[in-house]
Amino acid sequence: MELDSGNYLSMALMPIFIVTFIVIATISILIRIIYVISRSSKPLKRVAHEPLSTLIVLGSGGHTAEMINLLSELQKDRFVPRIYIAASTDNMSLQKARALETSLVDQVVGIRWSSIFYVESIARVRKLSLSGLLLYKLQMADQFFVQWPQLEKKYPRAHYVGCLM
Amino acid sequence: MKIVFVTVGTTSFDALVKVVDTKQVKEELFNKGYTHLLIQMGRGSFIPTKSAGEDGCLAVDYFTFSSSIADNLKSASLVISHAGSGSIFETLRLRKPLIVVVNEDLMDNHQSELAEELAARKHLFCARPQMLYNIIASRNLEDLLPYPPADAKPVAKLINRFLGFAND
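Residue numbers (my numbering), protein chains in the order written: chain A, 15 to 179; chain B, 717 to 884.
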């Protein structure tokens, strides 16, 4: 009997927990979006000596090489730890990253200050990809890089940086 | 031995395999001094005609997939490729003459953007399948500009400046 009533009680409380959770989650996401949009595109004012933990998102479809070229140009001691993400269907990208790194960390850091840099694929010459367009229109990226001058003309907030391949 | 290597990547591109397998294209390649035609045909269902290359014609061979086409590209004197950015840049790095054939059956064909831009800059020739013969017959296939090496310095500089790191 006691067990039954305990179950009944927790079942009655379940909707409250769910509602509370959804409300908290929605508020956090909204705060995050407002914060990111207000912060984005403003250069950081900081004394830059301490390294920055860096999340590197690898796309599938032959674009890992572009990222590897970029990473080889960045000073390794400034961007640590480096965490890589790739689609689970894409086992080539992480292999290539592993070849670049001696060790890979398997974790994703949660909500806190971060800058977002987006590099559009070299395959996009006249039009942005869907992910590129979303980040550009929502102004989510702090800096938005394109590899062809035509795109900089069409999307003025983008920086044309030449070819990464 | 002068090899023409045809690659369609991971998908199927029967229209390209069919057109390189035509008598017209094979004869024109042979006239231009090529001796072998090797086709990576991917998932396509059209099987080209194998030939040992006797009595003054092109030797033809094919395979479906290989873990790396790097060796095929290295040994080729001419590459005819689908419009995937991976094989385009791999070929350009090796400084091999390249004809990119755009797959018109693909939806949302952003792939042609890259090939057309690089063709306008004279790093490769760009063709639709039905135009391949004309390109081979009418152009000097060696007459292309070398593709400049990649340079990630401008991006690295902007990222460093944004984050407050000193440029050096």
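A portion of the hints provided could be inaccurate.
Restricting the straight-line Cα-Cα distance to at most 30 Å, the calculated cross-link-like pairs of lysine-lysine (DSBU-like) are [as the list claims (entries may be wrong)]: (1) B/Lys718 to B/Lys838; (2) B/Lys838 to A/Lys168; (3) B/Lys742 to B/Lys766; (4) A/Lys151 to B/Lys718; (5) A/Lys110 to B/Lys742; (6) B/Lys873 to A/Lys151; (7) B/Lys718 to A/Lys141; (8) B/Lys748 to B/Lys718; (9) A/Lys141 to B/Lys742; (10) A/Lys167 to B/Lys766; (11) B/Lys766 to A/Lys168.
No wet-lab data here; the hints were simulated from the structure.
### Message
If you test the structure against every hint from before, which numbers come out violated?
### Response
Of the numbered hints given earlier, those the structure breaks are 4, 5, 7, 9, 10 and 11, listed in rising order.
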